[in-house]
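Protein chains: 4
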Amino acid sequence: MEELKQQVYEANMLLPKYKLVTFTWGNVSGIDREKGLFVIKPSGVDYDKLTPEDMVVMDLEGNRVEGHYNPSSDTATHLEIYKAFPKIGGIVHTHSSWATSWAQAGRGIPCYGTTQADYFYGEIPCVRNLTKEEIEEAYEKNTGLLIVDYFKDKDYIAMPGVLCKNHGPFTWGKDAFEAVHNAVVLEEVAKMASRCERINPDVKPAPQELQDKHYYRKHGANAYYGQ
Amino acid sequence: MEELKQQVYEANMLLPKYKLVTFTWGNVSGIDREKGLFVIKPSGVDYDKLTPEDMVVMDLEGNRVEGHYNPSSDTATHLEIYKAFPKIGGIVHTHSSWATSWAQAGRGIPCYGTTQADYFYGEIPCVRNLTKEEIEEAYEKNTGLLIVDYFKDKDYIAMPGVLCKNHGPFTWGKDAFEAVHNAVVLEEVAKMASRCERINPDVKPAPQELQDKHYYRKHGANAYYGQ
Amino acid sequence: MEELKQQVYEANMLLPKYKLVTFTWGNVSGIDREKGLFVIKPSGVDYDKLTPEDMVVMDLEGNRVEGHYNPSSDTATHLEIYKAFPKIGGIVHTHSSWATSWAQAGRGIPCYGTTQADYFYGEIPCVRNLTKEEIEEAYEKNTGLLIVDYFKDKDYIAMPGVLCKNHGPFTWGKDAFEAVHNAVVLEEVAKMASRCERINPDVKPAPQELQDKHYYRKHGANAYYGQ
Amino acid sequence: MEELKQQVYEANMLLPKYKLVTFTWGNVSGIDREKGLFVIKPSGVDYDKLTPEDMVVMDLEGNRVEGHYNPSSDTATHLEIYKAFPKIGGIVHTHSSWATSWAQAGRGIPCYGTTQADYFYGEIPCVRNLTKEEIEEAYEKNTGLLIVDYFKDKDYIAMPGVLCKNHGPFTWGKDAFEAVHNAVVLEEVAKMASRCERINPDVKPAPQELQDKHYYRKHGANAYYGQ
Chain X
1 MEELKQQVYE ANMLLPKYKL VTFTWGNVSG IDREKGLFVI KPSGVDYDKL
51 TPEDMVVMDL EGNRVEGHYN PSSDTATHLE IYKAFPKIGG IVHTHSSWAT
101 SWAQAGRGIP CYGTTQADYF YGEIPCVRNL TKEEIEEAYE KNTGLLIVDY
151 FKDKDYIAMP GVLCKNHGPF TWGKDAFEAV HNAVVLEEVA KMASRCERIN
201 PDVKPAPQEL QDKHYYRKHG ANAYYGQ
Chain G
1 MEELKQQVYE ANMLLPKYKL VTFTWGNVSG IDREKGLFVI KPSGVDYDKL
51 TPEDMVVMDL EGNRVEGHYN PSSDTATHLE IYKAFPKIGG IVHTHSSWAT
101 SWAQAGRGIP CYGTTQADYF YGEIPCVRNL TKEEIEEAYE KNTGLLIVDY
151 FKDKDYIAMP GVLCKNHGPF TWGKDAFEAV HNAVVLEEVA KMASRCERIN
201 PDVKPAPQEL QDKHYYRKHG ANAYYGQ
Chain U
1 MEELKQQVYE ANMLLPKYKL VTFTWGNVSG IDREKGLFVI KPSGVDYDKL
51 TPEDMVVMDL EGNRVEGHYN PSSDTATHLE IYKAFPKIGG IVHTHSSWAT
101 SWAQAGRGIP CYGTTQADYF YGEIPCVRNL TKEEIEEAYE KNTGLLIVDY
151 FKDKDYIAMP GVLCKNHGPF TWGKDAFEAV HNAVVLEEVA KMASRCERIN
201 PDVKPAPQEL QDKHYYRKHG ANAYYGQ
Chain P
1 MEELKQQVYE ANMLLPKYKL VTFTWGNVSG IDREKGLFVI KPSGVDYDKL
51 TPEDMVVMDL EGNRVEGHYN PSSDTATHLE IYKAFPKIGG IVHTHSSWAT
101 SWAQAGRGIP CYGTTQADYF YGEIPCVRNL TKEEIEEAYE KNTGLLIVDY
151 FKDKDYIAMP GVLCKNHGPF TWGKDAFEAV HNAVVLEEVA KMASRCERIN
201 PDVKPAPQEL QDKHYYRKHG ANAYYGQ
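Protein chains in written order, with the UniProt record's numbering: chain X, 1 to 227; chain G, 1 to 227; chain U, 1 to 227; chain P, 1 to 227.
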């Protein structure tokens with residue numbers, strides 16, 4: 001667990017590095033599937049005071065197994081996503097500016113170009129608001145369940161992120177670092193999609209064959225990007 | 001007073017750190033309620049030359065009690081706010097770019113998401129222009145009175161900031177640091193609200209139950225965010 | 001002259017510091033009125049290789065008096081402005097992003113708030129394109145004459161800057177440093193004016209009495225801002 | 001070749017310096033015309049781990065002549081451009097934010113001002129999408145051939161860059177450094193053109209005589225900008 005705590009700590013510290021967070025508005029977690037435990041940032045602790053020892057270890061029933069701090073207030077959301085998406089190893093939540101602006105606008109991000117298609121296969125979805133009952137009953141848990149429900153008949157590996165309406169983005173990946181990587185990409189494509197719509201209000205998504213080409217040159221059996 | 005001067009100095013130095021000011025376009029003050037004295041930045045002094053000793057100590061009648069510099073030209077505005085809002089300990093004024101753009105546009109900032117709801121309960125208001133008579137009689141004092149009048153039947157703790165039309169923002173908090181914190185939040189939500197309206201011109205404020213959830217998970221008796 | 005060369009060098013180095021220039025797209029000059037000589041940046045020399053010795057000394061007939069480099073290609077524009085505006089001591093030209101965007105759009109910048117009114121009394125003008133004949137005859141000199149002609153019945157001290165259509169801004173001040181200061185302010189108000197129009201497409205300029213208040217609390221006999 | 005590898009390495013490292021790339025989303029190459037070999041960045045290698053030795057040497061038949069890494073996935077595009085444009089010595093591809101937004105919007109960048117005219121003579125073109133057949137047959141090679149075809153009756157020296165629809169920009173120059181220089185300029189003019197259209201939706205390109213003046217004072221027999 002010490003290695004995972006170190007890794008999740010480092011991944012958390014990438015959020016201010018990539019300017020994805022203001023103050024404490026973000027959190028990264030990572031899971032050890034064998035042990036059934038995940039590590040997450042403590043709630044409301046400043047990034048410049050954070051240490052690897054501050055990380056909180058949780059089990060998949062939501063019990064704190066180790067740590068002197070309360071876990072992130074979004075822990076229950078992470079937990080539901082881990083339970084439903086067995087192939088992922090890390091999750092990120094931020095209020096990064098451009099992705100959050102799309103979430104506030106209540107719109108998914110159309111795939112306008114190859115930058116998005118390199119990582120996200122199609123439009124990045126925006127899920128609905130929770131109902132008053134869902135909020136009052138168990139806000140953070142139901143946020144996770146809503147995301148899980150949206151993906152129940154979809155490929156969460158090919159679409160490693162989602163926007164929650166009037167709230168902000170969640171991304172995930174094979175580990176905490178890849179989840180942060182996808183959070184950076186999301187912010188960048190959110191910015192370019194908004195500017196692109198301003199430059200051409202009638203813009204259409206990139207042709208499907210171009211999206212396919214870019215997604216599959218980086219992913220799957222026939223990938224040839226990288227080393 | 002030396003401790004308060006140090007604190008107000010440090011809080012002032014956060015304004016350039018958070019990129020809320022260009023040149024000398026901002027000021028922070030903090031009050032000692034027991035002594036009835038407040039400390040404020042001197043007028044027009046560069047941030048990179050500022051020292052704790054340069055801070056100016058004022059009483060609540062507007063007399064300079066200590067300090068070799070003239071106080072901020074906005075001192076009379078701070079003074080009226082301190083007199084009317086007994087629960088606050090610090091005030092910030094800046095011309096931060098996004099908040100000032102909303103002020104110039106003469107619009108309050110609708111609460112489009114949880115980022116705003118975490119700190120500001122509802123729409124951040126924009127108060128009217130002063131009349132010609134109010135400007136000529138006592139511009140800075142009347143700016144303070146206008147803000148005070150706006151809040152006379154409202155909760156200034158749940159809405160720790162305001163925009164002054166064609167001018168810029170004021171924020172406050174339990175001390176000078178919290179007032180700066182709220183100034184940073186205001187700038188960030190002002191930015192996201194503008195982008196959000198561009199992404200969806202028909203966007204509506206976040207549902208009230210979502211605003212309630214986020215505001216009250218951070219504030220009040222049932223708060224559970226943080227440590 | 002060595003002191004003026006040092007000063008103009010330092011003022012030039014503020015342009016990259018304040019992010020007003022990309023590559024070599026800007027220049028600052030300063031004048032010694034007694035000697036009738038002005039100092040200006042050499043043409044096309046990188047800021048990170050610039051030294052005080054590289055500055056070029058010119059007389060008001062356009063002759064190079066000292067210096068191993070060619071002066072800025074915009075030297076003839078500076079010269080005409082110096083001849084016509086006897087109370088100024090420094091001039092700046094940049095392609096700073098927001099001010100240039102307004103220049104390209106062919107619009108003056110309305111005075112939407114106190115930030116602009118603190119430095120520029122009213123709308124910052126955008127002068128017309130030169131004609132084909134004016135360009136071919138003496139492009140840089142005629143750019144200066146066009147600016148001078150615009151201000152012939154106006155107060156160039158109360159309006160220390162101008163936009164040249166499809167080109168970019170010029171600002172001036174009592175010395176090279178104040179000219180740079182005004183270039184920074186211009187960029188900032190250009191940014192906020194554009195954002196402000198996006199937030200409220202029907203926005204109107206700030207009331208005249210508010211502009212007066214802010215301009216005259218910083219300028220003239222009754223100023224009380226600063227020390 | 002060691003000198004060229006060093007140069008191409010240094011030119012690649014300018015991409016993060018000028019904030020033109022996120023992660024590994026860009027590549028620079030440079031060619032030795034006498035040897036008929038070009039040097040290019042390896043595919044998917046992080047900029048902060050890159051060394052001059054990592055550069056890949058290719059011949060103009062697309063064979064790797066030297067290097068322990070796979071070359072950039074865009075190598076075939078660079079190759080076609082080198083074969084068709086004999087006067088260039090370096091090529092850059094990025095996903096820089098503003099240029100990519102125009103590419104995604106499917107629009108060329110009109111020449112709204114002298115900043116663009118100083119480097120690009122006229123509107124920076126946006127070429128069409130490849131067909132499904134062209135993508136499936138040889139995506140990267142056909143991207144190069146499409147660019148080459150567009151320029152077959154045009155001056156690729158006077159227009160040292162192009163946007164590929166739904167993808168991003170390519171620029172070139174007499175060597176790798178000039179190609180990067182043009183990539184920076186492209187990003188800057190893409191930003192200003194978008195803002196300029198927002199400030200004035202009816203904006204027209206700069207008058208031809210002004211474009212001519214600026215382009216030819218920096219280029220060709222009668223240039224007088226610089227030293």
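Worth flagging that the hints you see were computed from the coordinates, not collected in a lab. Where a beta carbon is used, it is the ideal one built from N, C-alpha and C, also for glycine. Take the hints with a grain of salt, since some may be wrong.
With a cut-off of at most 27 Å between alpha-carbon atoms, the simulated BS3-like pairs for lysine-lysine come out as follows [said to hold, decoys possible]:
1. X:Lys-174 with X:Lys-132
2. G:Lys-19 with P:Lys-17
3. X:Lys-132 with G:Lys-213
If you want a taste of the chain G side facing chain U, the calculated C-beta under 8 Å gives, among others [as the list claims (entries may be wrong)]:
4. Gln-6
5. Tyr-69
6. Asn-70
7. Thr-100
8. Ser-101
9. Gln-104
10. Ala-138
11. Tyr-139
12. Asn-142
13. Tyr-156
14. Ser-194
15. Arg-198
16. Ala-221
To see whether the hints hold, each was checked on the structure:
For the hint linking Lys-174 (chain X) to Lys-132 (chain X), the alpha-carbon distance of about 33 Å lies beyond 27 Å, and the restraint is violated. At roughly 21 Å between alpha-carbon atoms, Lys-19 (chain G) and Lys-17 (chain P) fall within 27 Å of each other, so this suggested pair holds. Taken as a hint, the Lys-132 (chain X) and Lys-213 (chain G) pair is honoured in the structure, with Cα atoms around 10 Å apart against an allowance of 27 Å. The beta carbon of Gln-6 (chain G) is not positioned within 8 Å of any beta carbon in chain U (closest approach about 22 Å), and the interface hint is therefore violated.
Proximity of Tyr-69 (chain G) to chain U holds as hinted, the smallest CB-CB distance being about 6 Å (cut-off 8 Å). Given hint, Asn-70 (chain G) at the interface with chain U, holds; its Cβ is 6 Å from that chain's nearest Cβ, closer than 8 Å. Satisfaction of the interface hint for Thr-100 (chain G) is found here, the shortest Cβ-Cβ separation to chain U being roughly 6 Å, below the 8 Å cut-off. Hint status for Ser-101 (chain G): holds, given a least beta-carbon distance of 4 Å to chain U, under 8 Å.
This hint holds: Gln-104 (chain G) has a C-beta 4 Å from the nearest C-beta of chain U, less than the 8 Å allowed. Contact between Ala-138 (chain G) and chain U, as hinted, is not supported at the beta carbon level, the nearest pair being about 11 Å apart and thus beyond 8 Å. Hint on Tyr-139 (chain G) holds. Least Cβ distance to chain U is approximately 5 Å, under the 8 Å limit. The interface hint given for Asn-142 (chain G) is broken, as the beta carbon of that residue sits about 11 Å from the closest beta carbon of chain U, more than 8 Å.
Taking 8 Å as the C-beta contact cut-off toward chain U, the hint placing Tyr-156 (chain G) at the interface is violated, the least distance being around 23 Å. The closest approach between the C-beta of Ser-194 (chain G) and any C-beta of chain U is roughly 6 Å, which is under the 8 Å cut-off, so the hint is satisfied. A distance limit of 8 Å between C-beta atoms decides the matter here; for Arg-198 (chain G) the minimum to chain U is near 7 Å, and the interface restraint holds. A hinted interface residue such as Ala-221 (chain G) counts as satisfied when its beta carbon comes closer than 8 Å to some beta carbon of chain U; here the least separation is about 36 Å, so the hint is violated.
Hint compliance for this structure: hints 1, 4, 10, 12, 13, 16 are broken, all remaining hints hold.
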